[in-house]
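Visitor: These are the residues of each chain, in order.
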Amino acid sequence: MTAVVLKSADDLEARLIDWLSRCALGDRQAFRQLYEATSPRLLGVVAQLVGRGALAEDLLQDVYVRIWKAAGQYRAGAGSPMAWMAATARYRAIDHLRSRGARPEVAISDLPLHAGSEDGDDDPTHRMPDPGPGPAQTVEARSEAEAVHGCLGTLQGSQQQSISLAYYQGLSHGEIAAHLGAPLGSVKTWVRRGLIALKACLERCGWSEARS
Amino acid sequence: MNLIPGELPDRLAAEYVLGTLTGGARRRFDALLPAHPALRHAVAAWESRLLPMALKAEAVQPDARVWRSIESQLGWTAPAAATPAPPWRLRFWQLFATVATVAAVVLGTVPRHAPTEAPMIVVLHATKGSDTLVAGLSPDRQQLTIQPLEKVSLTSDQSLELWALKKDGPPASLGVIAADKLTAINKRTLPKDTKGLAVTLEPLGGSPTGAPTGAIVFVGELTL
Chain F
48 MTAVVLKSAD DLEARLIDWL SRCALGDRQA FRQLYEATSP RLLGVVAQLV GRGALAEDLL
108 QDVYVRIWKA AGQYRAGAGS PMAWMAATAR YRAIDHLRSR GARPEVAISD LPLHAGSEDG
168 DDDPTHRMPD PGPGPAQTVE ARSEAEAVHG CLGTLQGSQQ QSISLAYYQG LSHGEIAAHL
228 GAPLGSVKTW VRRGLIALKA CLERCGWSEA RS
Chain H
62 MNLIPGELPD RLAAEYVLGT LTGGARRRFD ALLPAHPALR HAVAAWESRL LPMALKAEAV
122 QPDARVWRSI ESQLGWTAPA AATPAPPWRL RFWQLFATVA TVAAVVLGTV PRHAPTEAPM
182 IVVLHATKGS DTLVAGLSPD RQQLTIQPLE KVSLTSDQSL ELWALKKDGP PASLGVIAAD
242 KLTAINKRTL PKDTKGLAVT LEPLGGSPTG APTGAIVFVG ELTL
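Chains F and H supply the protein sequences, listed in that same order.
Counting in my numbering, the first sequence runs from 48 upward without gaps.
Counting in my numbering, the second sequence runs from 62 upward without gaps.
Note that these hints are calculated values from the structure, not bench results.
Just to be clear, a hint being listed does not mean it is correct.
Output of the computed footprint for chain H on chain F, the stretches with three or more beta carbons under 8 Å from beta carbons of chain H [to be verified]:
#, region
1, 90-104
2, 130-136
3, 205-216
4, 225-233
5, 237-251
Simulated crosslink set (SDA-like; lysine to any residue; CA at most 25 Å straight-line) [to be verified]:
#, chain 1, residue 1, chain 2, residue 2
6, F, K116, H, G85
7, H, K212, H, V237
8, H, K117, F, L59
9, H, K242, H, D229
10, H, K227, F, A224
Since this is a predicted model, take the numbers as computed values, not measurements.
Glycine included, each C-beta is placed from N, C-alpha and C at the ideal position.
Could you put the whole structure together from the sequences, leaning on the hints where they help?
Guide: As structure tokens, this is what we get:
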């Protein structure tokens, strides 16, 4: 025995890719291993949107059936396997929220990010260009996770709040507007500009699509 | 939906991933994806960009019925025969997945001129919380030593049992270890194909069956 080892995130990623490719070949044992390794994470993702309990587990079941059936469509290099699976889980939960018109209670205090309304962007005719990041808004990030959260923090309050409500609560534009008491047009602008600013900030932090 | 090169596909992909592309627009976008690699690429890039936000959600262990339902939904009628992996192995993989990003390793400091065997120290991380156990070789290299950095709290009817996780086959017991001090184990009891060590919570005196029966509380990997 010579050395010891570091299990890195890359090892996990390689294993996920291996399992997915074996799933595409019909390997049920690989699917079971994939399920065991990832289901708590994916249930967490679903439960964040629909709440914990039997409903989240029913949706999780659909998620894995989709993953099994679509495993052949996942290609290494097309994005990280975990990103693909987590997105599959989110889409299933969001479909459910949309189809039922149901949504969980939103408590702003529970959101990871708080936003003020200091920008006064309530007017749908408001079309001022986004000022872009100032010197105080540059983000130093050592990891992609830090980069995303750091970059979210640099967005204007209403942009940040709209994106957080959409991502963490699964709200649609209309639901965000109702929740914030803001005009629909403003919410659409906040989301669109927020996403553009988020992408620009991530690129400044060195996040490149090649790593996706 | 017209596909204009440049910003629009990326914007649609972003809102698709965020979930704010809804209704008919979302369905049309879904329908376009299979035939449009550039769109799929934009979607995958946004899925990766926003992944850290998804992973902020606390992991939740699903009930065992979920797996059974998946099998039945896929029409796998004989799940016992179709899934030969024994439970310990699944736990093992699952745990590695959980600890993968945090498992750390410390290389020993024994001089390099000892050619027969390099030093070994394995840090075993708790599956919950931040406790660690350290496994290493004794100075004479004949003993595997294992020591909790902090006392592990046990009830009076529990023991900690150390297992060698092998490349193939079920884990091999290395015996019960102390929760508060160093335990030494003859290195020869360590199977040659050991790839990791795990510690489980067992009834007092160790597993009654020879196989792990309780939860894995620490796990770490080593290479040979």
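Visitor: Against this structure, judge whether each hint is valid.
Guide: Consistency of the hints with the structure:
no. : hint            : in the structure
1   : 90-104          : holds (count 8)
2   : 130-136         : holds (count 5)
3   : 205-216         : holds (count 4)
4   : 225-233         : violated (count 0)
5   : 237-251         : holds (count 7)
6   : F/K116 - H/G85  : holds, 24 Å
7   : H/K212 - H/V237 : holds, 15 Å
8   : H/K117 - F/L59  : holds, 18 Å
9   : H/K242 - H/D229 : violated, 31 Å
10  : H/K227 - F/A224 : violated, 56 Å
Hint compliance for this structure: hints 4, 9 and 10 are broken, all remaining hints hold.
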